[in-house]
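Based on the sequences and whatever the hints tell you, model everything.
Those protein sequences? They're chains H and U, same order as listed. Under our numbering, think of the first position of the first sequence as 1, with each following residue one higher. Under our numbering, think of the first position of the second sequence as 1, with each following residue one higher.
If you are wondering where the hints come from, they were derived from the structure by calculation, not from laboratory data. These numbers come from a predicted model, not from an experiment. Cβ atoms here follow ideal geometry from the backbone N, Cα and C, with glycine treated the same way. Among these hints, one or two may not hold up.
As the list claims (entries may be wrong) - Away from chain U, derived, C-beta distances all over 10 Å, residues of chain H: (1) D21; (2) A91; (3) V170.
What the hints assert, rightly or not - Computed Cβ-Cβ distance ranges for the label pairs, DEER-style: (4) H:R71 / U:S40: 44 to 54 Å; (5) H:D23 / U:E46: 54 to 64 Å; (6) H:G124 / U:A70: 34 to 44 Å; (7) U:D74 / H:A110: 43 to 53 Å; (8) H:D21 / U:E46: 52 to 62 Å.
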Amino acid sequence: MPSEPTSPAPDDLGLIARIADKDHAALRALVDRHWPAMQRHALALSGDAALAEDAVQEAFVSVWGHAASFRGEHGTARGWLYAIVRNAVRAQVRKKGPRLESLETDDLAALGEAAGFGDPDAVGSLQRALEDHESLEKGLALLGQDDREIVLLVDGEGLSLEEAAASLGVSLAATKSRLHRARLRLIAVLSNEEGS
Amino acid sequence: MRRERLIAGLRCSEVIARLDGYVAGTLAEEERRAVVAHVSACPLCEDFGGRYGATIASIRRVHDEAELPAEAKDRLLEKLAGLR
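Written as structure tokens, this is what we have:
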């Protein structure tokens, strides 16, 4: 007996259109599809479980309220969701914001030096930090907000550069440049971490 | 930059500037070949490139292994169910 044809799962845009019509089942389906990535991203951005949960709640409530106005301004629906979550996290961590004033340069050679280029002592420190979740998370938390966001979107969540650029609302060239510098700053932080 | 060398037409700082493109596979073929030629003859760049790649891989691993509290999703669904 031939099997029943199964209808394909609705894509994100289809779900968002239905959410705009106040369809709770569509909102639930969107949550089922994207909650893990959004929760993980919010947690990594904020380093605070309670704050991350609040931000993700705020983000999906915002999706419910603004689905009708979604016009693809952040590329894919996933990119839009990341942008909403990011803004929700930003609103909640505005007062924290650790800064790396010594690494504010954008000069790649200077960042390479800071990241331990040619310094054999930096290798062991970095290696130890990369093997330890806590050290890596601490290093990420020390980055400026823009750096942390781009590294987590691309290297953590695995977004393409194009998708990350659309979600962040910046050009592809700026995204590439920011990502590279953010990685070098992270390596610098991890290579110089005390006691690592 | 200290200890910088010129190999295969590229200085070490120029290799560092291209590491992201090399990792992403977006360098033009000629540029990619020059980077490979430099790195294979420059232990400092080989070492630094390895550290760059290892850092990216570790970020992904830590991110993927993050534990998500299932009850947070339950609370979210409860909140969303009340929306009108």
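A quick look at each hint next to the structure:
no. : hint                       : in the structure
1   : D21                        : holds (13 Å)
2   : A91                        : holds (17 Å)
3   : V170                       : holds (16 Å)
4   : H:R71 / U:S40: 44 to 54 Å  : holds (48 Å)
5   : H:D23 / U:E46: 54 to 64 Å  : holds (55 Å)
6   : H:G124 / U:A70: 34 to 44 Å : holds (38 Å)
7   : U:D74 / H:A110: 43 to 53 Å : holds (48 Å)
8   : H:D21 / U:E46: 52 to 62 Å  : holds (57 Å)
The structure meets every hint from the earlier list without exception.
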